[in-house]
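Taken in sequence, the protein lines are chains A and B.
According to the numbering used here, the residues represented by the first sequence are 1 to 287, in order.
According to the numbering used here, the residues represented by the second sequence are 288 to 1022, in order.
In case anyone wonders, no lab produced these hints; they're calculated from the structure.
Glycine included, C-beta positions come from ideal geometry on N, C-alpha and C.
Quick list of in silico lysine to any residue cross-link-like pairs, SDA-like style, CA-CA up to 25 Å:
{"hint": "1", "chain 1": "B", "residue 1": "K1001", "chain 2": "A", "residue 2": "E268"}
{"hint": "2", "chain 1": "B", "residue 1": "K1005", "chain 2": "A", "residue 2": "A101"}
{"hint": "3", "chain 1": "A", "residue 1": "K141", "chain 2": "A", "residue 2": "G130"}
{"hint": "4", "chain 1": "A", "residue 1": "K59", "chain 2": "B", "residue 2": "G948"}
{"hint": "5", "chain 1": "B", "residue 1": "K1005", "chain 2": "A", "residue 2": "E269"}
{"hint": "6", "chain 1": "B", "residue 1": "K1001", "chain 2": "A", "residue 2": "A136"}
{"hint": "7", "chain 1": "B", "residue 1": "K917", "chain 2": "B", "residue 2": "A854"}
{"hint": "8", "chain 1": "B", "residue 1": "K1006", "chain 2": "A", "residue 2": "E268"}
{"hint": "9", "chain 1": "A", "residue 1": "K233", "chain 2": "A", "residue 2": "Q207"}
{"hint": "10", "chain 1": "B", "residue 1": "K360", "chain 2": "B", "residue 2": "Y792"}
{"hint": "11", "chain 1": "B", "residue 1": "K1015", "chain 2": "A", "residue 2": "V287"}
{"hint": "12", "chain 1": "B", "residue 1": "K521", "chain 2": "A", "residue 2": "Q207"}
{"hint": "13", "chain 1": "B", "residue 1": "K761", "chain 2": "B", "residue 2": "E789"}
{"hint": "14", "chain 1": "B", "residue 1": "K1005", "chain 2": "A", "residue 2": "E79"}
{"hint": "15", "chain 1": "A", "residue 1": "K233", "chain 2": "B", "residue 2": "S1019"}
{"hint": "16", "chain 1": "B", "residue 1": "K952", "chain 2": "B", "residue 2": "I991"}
{"hint": "17", "chain 1": "B", "residue 1": "K1015", "chain 2": "A", "residue 2": "S259"}
{"hint": "18", "chain 1": "B", "residue 1": "K360", "chain 2": "A", "residue 2": "N162"}
{"hint": "19", "chain 1": "B", "residue 1": "K608", "chain 2": "A", "residue 2": "S285"}
{"hint": "20", "chain 1": "A", "residue 1": "K61", "chain 2": "B", "residue 2": "S997"}
{"hint": "21", "chain 1": "B", "residue 1": "K761", "chain 2": "A", "residue 2": "D168"}
{"hint": "22", "chain 1": "B", "residue 1": "K786", "chain 2": "B", "residue 2": "S458"}
{"hint": "23", "chain 1": "A", "residue 1": "K141", "chain 2": "B", "residue 2": "S997"}
Take a look, some chain B residues computed to stay more than 12 Å from chain A by CB distance:
{"hint": "24", "residue": "N451"}
{"hint": "25", "residue": "K478"}
{"hint": "26", "residue": "K803"}
{"hint": "27", "residue": "L806"}
{"hint": "28", "residue": "S809"}
{"hint": "29", "residue": "S918"}
{"hint": "30", "residue": "K922"}
{"hint": "31", "residue": "G986"}
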Amino acid sequence: MSVTNLLENWSQFRHKHPVEDKPHAEYKWAMSIDLDACTGCNACSVACYAENNLPVVGKEKYSHGFSHHWMRIERYWDEDGREFPDQGAQFLPMMCQHCEAAPCETVCPVGATNHTGDGLNSQVYNRCIGSRYCEANCPYKVRYFNWYDYPTTNNVWPEPMNQQLNPDVTVRGKGVMEKCTFCVQRLTVAKSDARSQGRTVRDGEVQTACQQACPTGAITFGNLVDPEARVGKQWMQQQVELAVDHQAKDQHEHAEQASKLRGYRIFEELRPYPSVMYLERVRESAV
Amino acid sequence: MIENSFNRRDFLKVLGWGGAAVTLSGCGNTSVEDGRELVTSYSEPAEYVIPSIGVYFNSTCAQCDAGCNIMGKVREGRVLKLEGNSQSAINRGKMCGLGQAGVQAHYNPDRLREPLLRTGDKGEAISWDTALELINAKLDGVQGNQIAFLTGGISGHVNVLLKNYIDALGSAKHFAYEAVAPSVVRAANKKAYGVEMPRLRLDKAKVIVSFGADFLGAWVSPVHFAQQYAQFRKASNGGRGVLVQIESKMTLTGANADRWLAIRPGTEGILALGLINALGAGGVKVAADAAGAAKAYTPERVSTETGISVEQITKLAALLKERTPSLVIAGSAAEGYAHGSHNAAAIALLNQALGNVGKTVEFPAALPFPQIAPTVGNRYALHALNDDMAHDQVKVLFNFGANPVFTAPAGLKFKENLGKVPFKVAFAHYMDETALQADLVLPLDSALEEWGTSVPEYAAEGAQLNVHQPLMEKLYPGTRATGDILLALLKLRRAQEYKGYEDFYAYLRSALVQNKAALGGSGKDDDTFWSATLSNGLVKLPGASNAARKTSATTLVFPAPAAQDGAYPLRLIPAVTANMRDGRHANQPWLQESPDPLTTIVWDSWVEIHPKTAARLGIVEGDIVEVASKSGTLKAQAYLFPGIHPDAISIPLGYGHQAMGRYAKDIGANAFHIMDAVFDSETGELAMHETRVKISPTGQRVVIVKDEGSAGGKQMGKKIAVRVSSEKVDLSEEV
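Assemble the whole structure, with the sequences as input and the hints as a guide.
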């Protein structure tokens, strides 16, 4: 697609979040993360480094906030002022939420980040000029900028470590923005395989790297359009809808029923319509 | 090189794509045609290899002793990524971060590449033949009992060869040492249940009370336990499981508990007896001897000694009474004291009193082949070897799989004693602290390059033999597999017996094929059996069942209450983290940059200190503090951490390397080196939590490098990570 075409038809490309007249056709990739199963062990994060050629930046650059963990574990404490955190900590895996109305997409001056037909928030590296507007506008702070040329001048993969690099994923150079892609390289292969067999991707056929590693199976990923997909069943049961900014759980008139639901999306009030649903952590009251 | 006149068309001809290569060959205008350079085709891959498509080969993870079965994704001859093998009963297709980082052990730029012989302060590269001959020569004239072997935990056929070699030398000195192994708990389990490692059924329990066992982080078989934990939480057997974690420093498991109780360090056994007493008082039928033993431990007394409130003890006892079966686990925090055995015994007695033995504490089948059984490492071994060396009883020392110069507590003076050994051989991946002291260093293949077998100590289902196979060609021609080195050394001693095996691969294949009937391959021809074994990556072993044994309270020694020390008022808790463990993988950069889950700190050590204690001592976050014990001092950044008892501080192990490689050296401080040499009174194991320290600010302050933002652990009123009370939801209704 040429830039001219992109700019001329911007509103058409831009407007991808589902509305009545434009539902997702074959695929809408989405995720759900069960915070009750998540133990905060970081296996997903390391798996992401291995799959997506993330550079290890070292202590000094880390201190400047230059780390590249597309998948990071946030840890929160209770704020009730007790002497000990006697209900443990709260862990939350955070990565690009692949918002349907992504705040990052509207601010990109060159259309380097936009929405794919599959509902992915994509990042086109060779179009990115490094304005970092998207990073500033992302409410989840999940976009990571290449301040340095990590593969060459910074030599973060010294011989023979460069041999580990995944050939399916671009190694990014200086000056481009990057973020979680929902392992788009795996999705592409799965879609292509399915297409050659004249069908769509089956549930469970493709896993993201984080999902594959997770020891407790806290992460579910799949196609929201597919009625057989577990992720869609979870969304439906939790009454979380993609194109709605006020979920059943938030509606006070159904307080009794709503309290049974665990599913929610982060920063719903900002209306980014994220593609990731979290399930609340459950803790026992009897002790 | 190829000259400019040699155009693309001609180049293709050399590769065999053109038709005029023969006519060109006479011209002699290129190095290729002159034969000075050779051009070979890219590769002749096996039929199933398609360029750009990954092929998976099964093997076994060697990053810890859990023995998870893995598959390596191999493309164009390189291993790219490790995934879990879904056929494995241990990890069922899953992996932890430490395991994932295994590829960085393989591709590590700081690996040793050739045998090195010490000449003065320098290492001189020598050939393998010279190295092996030298070892043989040095062994001549040395009595068998003056030859010692220091290894980590070891099993499978490498263990067989090692035992045979030790035997061939007439030695009986094999010291298996693991710095952070649950060795006191093993001994207590053996006494209480008759087996060192009973199978724990977290998935069957409705309540888990863990006394400092970090089973989700770094204890025994974390990936296996994490999966059981997920089932335990899902409530598939009716009622969502409740986890109560009792420890003085919050571990990853503690951070996931429904209730985390900060106990005064060392009083875990007292609380266990207090719970038995409270259960008896609450109407649970407790065996007479156990009830008798716990009689004196009234809730009031226990509360005073442990710092856990009477109300909490009563609530916990009520929960244990109401929801059965439960499971009580003694972990490394409970065993780390001079009375660690007593703590572990009291905790085992609680399991017995609750009737969990046989329900959630099961007995794994005995391994049918004792020769390949794991020789598990403990800390007593280091102590024993150290004594031998101090008394000049060791003339030749072989070291592999352990880095004692780094992990021995200062009180043992290990490095000094090691200097007394005239000839020290280190099998090593890196030039680590111990290899630096060696006279001869033998570089090892990475775990992704070598052949081998292993038997995990913790049996997830039945016993199994794990297969380790190379996932790619060796990166360096100068490295060798442990098995090959042992075989070569054995050939120098027992040539007749081993001459039939060209290399360790041949030995291994023959060993497995000859026993194929017992390994489930009866009726198959050798090749079919062998390729099936490699393809599966593991062999399930048949085994006879072990009988349960009853715990008796008659031999119970009452755990000592916590003592105070005016000069060193705080207790040092050396933390075993999932990333670093004992520090052997510190040179894998993913692990350094993967934040510690609780503090989110990267690339450094830290001192966890309760905000109350910090306020009393005038310490704020980022202060460089000096931590002093009787055995030594270290400096590190202070991190104010609410999940620690105010009487204790905690420093993670594994940091503070002085050697090893670019990612490990000079990162943080080594907490092993300020540990006092105090031993468990029954087993003689080094008591890891017995060091007392004092702490003082040095006046320096740094900004801690961590993932956590300026808001700390606060959500600032936003609904980010949300929690709900268990009575409100029913997980069994969910998808």
